[in-house]
Amino acid sequence: MRQKTYLDEINTNMYDIKNKDNYEYKAKKGLNKEIIEEISRQKNEVQWMREFRLKALDMYNKLDLPTWGPSLEELDMNEIATYVKPKGNMSNSWEDVPEDIKNTFDALGIPEAEKRSLAGVGAQYDSEVVYHSMKEDLIKQGVIYTDMETALRDYEDIVKEHFMKCVPISDHKFVALHGAVWSGGSFVYVPKGVDVKIPLQSYFRLNSPESGQFEHTLIIVDEGARLHFIEGCSAPKYNKINLHAGCVELFVKKNAYLRYSTIENWSKNMLNLNTKKAIVEENGQIDWVTGSFGSKISMLYPMSILNGKGAKTEFTGISFAGKGQNLDTGFKVVHNAPNTSSVVNSKSISKNGGIATYRSLVRIMPKAKNSKCSVSCESLMLDSYSKSDTIPFNDIRTEEVEFSHEAKIGKISDKTIFYLMSRGLSEEEAKSMIVRGFAYPISKELPVEYAVEMNNLINLELEGSIG
Amino acid sequence: MSNTLLEINNLFANVREKEILKGLNLKINKGEVHVIMGPNGAGKSTLANVILNNPLYEKKEGNILFENENINNLKTDEIAKKGIFMSFQSPEEIPGISVMNFLKYARHNITGEPVKIFAFKEEIKKYMEELNINPKYMDRSLNVGFSGGEKKKNEILQMLVLNPKLAILDETDSGLDVDAIRTVSKGIEMFKNDNNAILIITHGTKILKELKVDYVHVLVDGKIVKTSSGELAQEIEEEGYKKYKKYDIG
Amino acid sequence: MSIIKLNEIPLRTSRNFNINNIKLENIEIPSKIEKFNNFKIINNNTNVKINEIKKDINIKYGVGDILINQIKDNSNINIEIDIEGKNKETIILEFELDDNNRNLVDNINIIAKENSVSNVIIKYVSKDNKFYHNGICNVTAQKSSKISITILNLINDLSDNFYTISNIINDEASVNYKIVDFGGKNSISNYYSNISENAVNNIDTIYLGDKEKIIDINYIAELYGKFSKINMNVEGALNDYAKKNFKGTIDFKRGCSKAVGSENEYCILLSDNVRAKSLPMLLCGEEDVEGEHSAAAGKVDAKQLFYIMSRGFSYNEALKLIIRARFNKVIKKLDEDLKNIIIEEIDRRLK
Chain A
328 MRQKTYLDEI NTNMYDIKNK DNYEYKAKKG LNKEIIEEIS RQKNEVQWMR
378 EFRLKALDMY NKLDLPTWGP SLEELDMNEI ATYVKPKGNM SNSWEDVPED
428 IKNTFDALGI PEAEKRSLAG VGAQYDSEVV YHSMKEDLIK QGVIYTDMET
478 ALRDYEDIVK EHFMKCVPIS DHKFVALHGA VWSGGSFVYV PKGVDVKIPL
528 QSYFRLNSPE SGQFEHTLII VDEGARLHFI EGCSAPKYNK INLHAGCVEL
578 FVKKNAYLRY STIENWSKNM LNLNTKKAIV EENGQIDWVT GSFGSKISML
628 YPMSILNGKG AKTEFTGISF AGKGQNLDTG FKVVHNAPNT SSVVNSKSIS
678 KNGGIATYRS LVRIMPKAKN SKCSVSCESL MLDSYSKSDT IPFNDIRTEE
728 VEFSHEAKIG KISDKTIFYL MSRGLSEEEA KSMIVRGFAY PISKELPVEY
778 AVEMNNLINL ELEGSIG
Chain B
427 MSNTLLEINN LFANVREKEI LKGLNLKINK GEVHVIMGPN GAGKSTLANV
477 ILNNPLYEKK EGNILFENEN INNLKTDEIA KKGIFMSFQS PEEIPGISVM
527 NFLKYARHNI TGEPVKIFAF KEEIKKYMEE LNINPKYMDR SLNVGFSGGE
577 KKKNEILQML VLNPKLAILD ETDSGLDVDA IRTVSKGIEM FKNDNNAILI
627 ITHGTKILKE LKVDYVHVLV DGKIVKTSSG ELAQEIEEEG YKKYKKYDIG
Chain C
54 MSIIKLNEIP LRTSRNFNIN NIKLENIEIP SKIEKFNNFK IINNNTNVKI
104 NEIKKDINIK YGVGDILINQ IKDNSNINIE IDIEGKNKET IILEFELDDN
154 NRNLVDNINI IAKENSVSNV IIKYVSKDNK FYHNGICNVT AQKSSKISIT
204 ILNLINDLSD NFYTISNIIN DEASVNYKIV DFGGKNSISN YYSNISENAV
254 NNIDTIYLGD KEKIIDINYI AELYGKFSKI NMNVEGALND YAKKNFKGTI
304 DFKRGCSKAV GSENEYCILL SDNVRAKSLP MLLCGEEDVE GEHSAAAGKV
354 DAKQLFYIMS RGFSYNEALK LIIRARFNKV IKKLDEDLKN IIIEEIDRRL
404 K
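Keeping their order, the protein sequence lines are chains A, B and C. Oh and the first sequence: position 434 is 761 in my numbering, straight run, nothing missing. Oh and the second sequence: position 12 is 438 in my numbering, straight run, nothing missing. Oh and the third sequence: position 117 is 170 in my numbering, straight run, nothing missing.
It is possible that some hints are incorrect.
[Unchecked claim] Below, a list of computed lysine-lysine pairs in the DSSO-like style, where the Cα atoms sit at most 30 Å apart:
id : chain 1 : residue 1 : chain 2 : residue 2
1  : B       : Lys530    : A       : Lys771
2  : B       : Lys669    : B       : Lys485
3  : C       : Lys76     : A       : Lys500
4  : A       : Lys758    : B       : Lys669
5  : B       : Lys669    : A       : Lys771
6  : A       : Lys742    : B       : Lys668
7  : C       : Lys352    : A       : Lys696
8  : C       : Lys404    : A       : Lys699
What the hints contain is simulated information worked out from the structure, not anything from laboratory work.
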């Protein structure tokens with residue numbers, strides 16, 4: 328049986344490979360001026376970046392924890408090492424990546440995917456990028472795809488112009504934290520008119536216990552250019568809390584198109600407090616495709632700011648909250664120019680005591696005449712120990728809009744299960760088929776390997792919870 | 427070897443604590459076409475659901491034997507795998523699962539054999555053509571946005587693909603226009619052979635004009651009150667069920 | 054005078070959204086509440102007893118502590134309505150604010166006894182001057198009772214209106230509200246229902262905001278019982294510089310299997326300077342439920358307008374007609390006099 332074979336084939340432990348905590352440098356746990364300065368020194372950074380980090384630390388100390396959403400009580404910054412430099416240097420060849428790190432990425436299928444279906448790959452291990460490579464023809468067309476540290480050295484002006492301009496450090500406490508301790512991440516620049524036909528992918532792996540990952544992704548898609556960027560993340564499970572507070576800044580210029588896909592499968596001791604934002608100019612488009620499976624707590628709301636006339640955004644997301652997970656996810660959009668449009672399609676599944684919350688913001692500014700927004704959320708509860716909340720906020724400030732929001736909540740209908748069983752499916756198979764169908768609008772947006780991975784994750788999550 | 431497919435003895439069943447079937451007996455042999463008719467609420471659909479062991483229905487007494495094996499306590503999927511198929515009165519919509527993938531999965535699941543994709547596609551195409559189903563439907567989500575008639579044709583398509591030993595058609599003809607009824611009948615003709623059997627549950631008689639029927643049973647108040655040859659249907663169309671209601675001793 | 058925060062939502066969301074509560078500036082909460090005499094009670098049912106006695110207030114949410122405490126300490130109207138049996142005649146309470154009755158702080162308690170059937174209208178109107186209204190309507194619907202309550206807020210645009218509704222709806226009871234929220238400079242209302250097994254709660258609300266009016270609606274329904282039902286339907290139109298916040302929460306508590314909840318809000322925007330916020334929350338701790346909500350906002354449908362205008366109506370007449378049609382669900386079952394008052398009010402406010 329096809330689906331079953333898949334199940335058997337997956338090594339359920341592939342995400343859980345724990346390497347020895349083998350680093351070149353690991354910052355002291357905690358957060359203070361000395362630690363920040365030491366990180367900057369380790370990275371041999373330019374002066375302005377060092378000052379920026381210290382300013383961000385000040386901001387971090389000023390801002391309060393959120394008064395809403397999941398409790399972050401467990402997070403003790405004094406127990407987190409914010410910078411872990413793996414052994415070895417960034418390389419353009421897998422051969423040169425240290426053995427244990429390479430083996431991890433091999434198990435996750437990254438080098439294999441690179442050969443098969445990607446135009447370029449970046450791989451980050453703890454705080455630093457260990458591998459970066461892109462196809463020759465893209466280099467020739469002027470596409471830049473490298474790690475942030477290299478970008479800061481080689482393209483300092485572009486970085487300085489864009490770095491934390493889309494997501495200012497005052498946004499919230501964990502953005503400020505990110506500004507202070509950021510390390511690694513990818514930098515992409517697609518020149519005017521260049522169409523990158525196959526995706527680029529960055530993979531983020533956190534191995535070190537009691538540490539944090541704070542990668543910074545900065546993507547600029549210049550006028551008329553096109554890109555599909557995929558981000559994957561995972562970590563082995565430890566008993567103590569790990570923290571992920573990355574930051575993604577996307578600049579989509581006039582007539583440009585960017586698709587940003589994420590399959591997130593952090594281990595279930597991870598606090599995932601990530602911030603992602605895109606600024607879209609005239610007739611540009613940003614599409615987000617997001618699958619959230621892992622982490623203990625997630626607070627993640629990608630945001631599109633539609634600043635140019637006719638700018639568009641689509642958000643397609645699914646989150647799957649299982650035992651011990653509190654996934655507070657959603658989407659934010661600000662319509663800030665005429666004729667802009669947004670389409671949101673969000674799904675969530677909760678089971679085994681998991682909490683899934685959809686939280687959103689739709690803001691249509693007075694300038695955004697003739698804008699359109701349609702939102703649809705569906706939540707599936709697989710048992711009564713779980714929780715599923717929908718908290719959508721809509722703020723309309725002009726008359727010339729078409730705005731609609733719909734949400735549904737419920738369980739898999741007994742009638743549907745009976746129907747499928749009458750066709751010979753067992754109860755578990757029937758439920759699993761219904762859930763896969765429920766997730767299909769999201770998986771169909773992903774490249775086929777990732778769709779398969781997502782279905783595998785769904786099957787894994789469902790195993791043992793049904794029947 | 428016995429020729430009997432289905433045998434139901436003295437079946438009592440409840441829906442939400444209300445007694446619906448009150449001692450029903452029925453025997454179906456290979457190669458036969460049976461029709462169950464009866465007024466609304468007589469228990470026709472209940473019978474189909476109870477045979478497939480729908481958990482919303484509660485069997486109180488009696489036995490259901492399929493090929494001489496008691497299937498009372500089998501789960502719905504196990505019963506389906508034994509070779510009983512039910513065409514639903516209102517088929518469920520399953521978003522995100524295409525008709526093609528579903529058929530492939532179901533066929534594989536029932537037969538336990540690998541499905542050869544290319545040949546299978548051709549087979550489905552042929553059936554769809556016969557049943558007047560737009561081939562585009564292959565890639566659409568199962569029953570989602572289908573009209574009533576399209577859903578019923580899709581049920582017949584599933585019957586042909588899964589090729590059961592016994593097909594129970596629960597009000598498959600209801601709500602269909604003459605053309606659709608003809609198409610559905612055509613599907614049933616394609617399916618029928620000496621080794622399988624069909625149980626048609628209906629309150630109309632239109633479909634019976636298109637098919638050769640061996641037995642007509644009248645089901646009133648949870649019991650079969652009369653069994654006869656095909657002509658009985660004609661009589662019921664003209665006179666209704668009044669005559670049979672007096673059998674109801676309550 | 055200072056800033057007061059009212060109408061907190063039951064589950065906070067991002068502070069940046071500015072929706073967790075409503076902050077009002079320059080609100081005068083009168084400290085001295087004189088006697089209020091200008092009210093009428095009409096009751097032609099022998100099974101309904103209406104007494105002017107003060108009851109303790111025990112509510113879960115409410116508009117805000119400062120206002121609830123004012124009612125606890127200082128109410129000038131205290132009415133208890135005790136309903137038994139099946140009552141054909143509508144019970145009407147009518148309050149009119151005027152220069153001699155400037156501040157109304159009312160505490161109304163309704164007890165619908167087991168199996169009773171009743172229909173209550175509570176109407177707030179005013180003369181033209183700056184007045185103040187802060188009230189509570191506290192309802193207990195006992196087992197299998199049926200009660201319909203219509204609340205009309207038609208006070209003038211100089212006065213503030215604060216209103217708290219709280220319902221305990223016991224097994225098999227059915228409580229139906231029609232709320233017309235047209236009046237007030239600021240109209241801040243809070244609604245809470247606790248719904249038990251097989252009980253039904255319907256709320257149909259219409260609002261109309263013009264000038265610089267602020268409307269803040271905070272409805273919370275908690276479903277505790279199996280097969281319980283809630284249906285919230287809120288329709289409104291905003292003109293000029295009006296601001297509206299609709300916060301609706303349906304909370305499916307664990308154990309309320311087979312409960313059904315739906316929540317719909319539709320807001321017609323008539324000016325470019327209006328501001329419409331909505332937060333339709335669904336909270337769910339039980340698997341076996343059906344919950345849905347929808348919110349929509351936009352201009353009047355141009356095709357509809359054109360169609361009506363092609364039949365000889367002016368733009369403004371056509372607009373009023375469309376809005377009246379949308380409001381009809383709430384208006385249609387009222388008696389003629391009331392209906393006319395409401396239609397006149399719609400026409401007046403849409404100029």
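| Which numbered hints turn out to be false for this structure? | Per hint list: 4, 5 and 6 violated.
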